[in-house]
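Going by my numbering, the letters in the sequence shown line up with residues 197 to 370, in that order.
Not one of these hints is a red herring.
Calculated lysine-lysine pairs in the DSS-like style (CA-CA distance at most 25 Å, straight line):
id, residue 1, residue 2
1, Lys250, Lys269
2, Lys244, Lys280
3, Lys250, Lys314
4, Lys280, Lys269
5, Lys364, Lys314
6, Lys314, Lys370
7, Lys314, Lys244
8, Lys250, Lys280
9, Lys280, Lys314
10, Lys269, Lys244
It is worth saying that the hints were derived from the structure and are not from the lab.
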Amino acid sequence: MHCGRIFLHILLALFWSGIACAQDAATVRLGFLVNFARYVEWPEAVLKPENPLKICLAPGDSAMASQFGELVKQTVHGRAIQVKQAVRPSDAGGCQVLYLPSELPTSSVGAWLDVVAKSGVLTVGEIPDFIEMGGMIGLVSVSGRYRFDINLGMARQADLRISTYVLKLARTVK
197 MHCGRIFLHI LLALFWSGIA CAQDAATVRL GFLVNFARYV EWPEAVLKPE
247 NPLKICLAPG DSAMASQFGE LVKQTVHGRA IQVKQAVRPS DAGGCQVLYL
297 PSELPTSSVG AWLDVVAKSG VLTVGEIPDF IEMGGMIGLV SVSGRYRFDI
347 NLGMARQADL RISTYVLKLA RTVK
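Could you build all of it, start to finish, from the sequences and the hints given here?
In structure tokens:
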């Protein structure tokens, strides 16, 4: 598919480019969130065709939070994107994508994941061992470049379908 090739090229370009500063890194992470959303299918019970896609950000990443509103200018499969800054785990209700930044205390990750478990929320995090903790996609910075790991079992438990294009690009699939 043509879209798959475009996504592949975008991700490869992101992998090969270095990250110069926190602002650039935040832009790259936001790009990953949108691209992941483009290549995940949600059950209709979770995301009705007429509804916007809601992306939520847990607290801690001020650089990303300052750019978070830029996502509303984009669309995913013709859907508008809504953004929400989640202050506590209970705020993640109604999200389709939840991003947990590396600044989030590791001790609270379980609470965030428990709230959205099996509810059709794609969880993306930049926390060490994120997929081992029960997250679905873990962003990992390796020598200044972002890679990602996927916990396919957790995605399937939430009834999410991740495109084979994304699975092929992952560093590891569990």
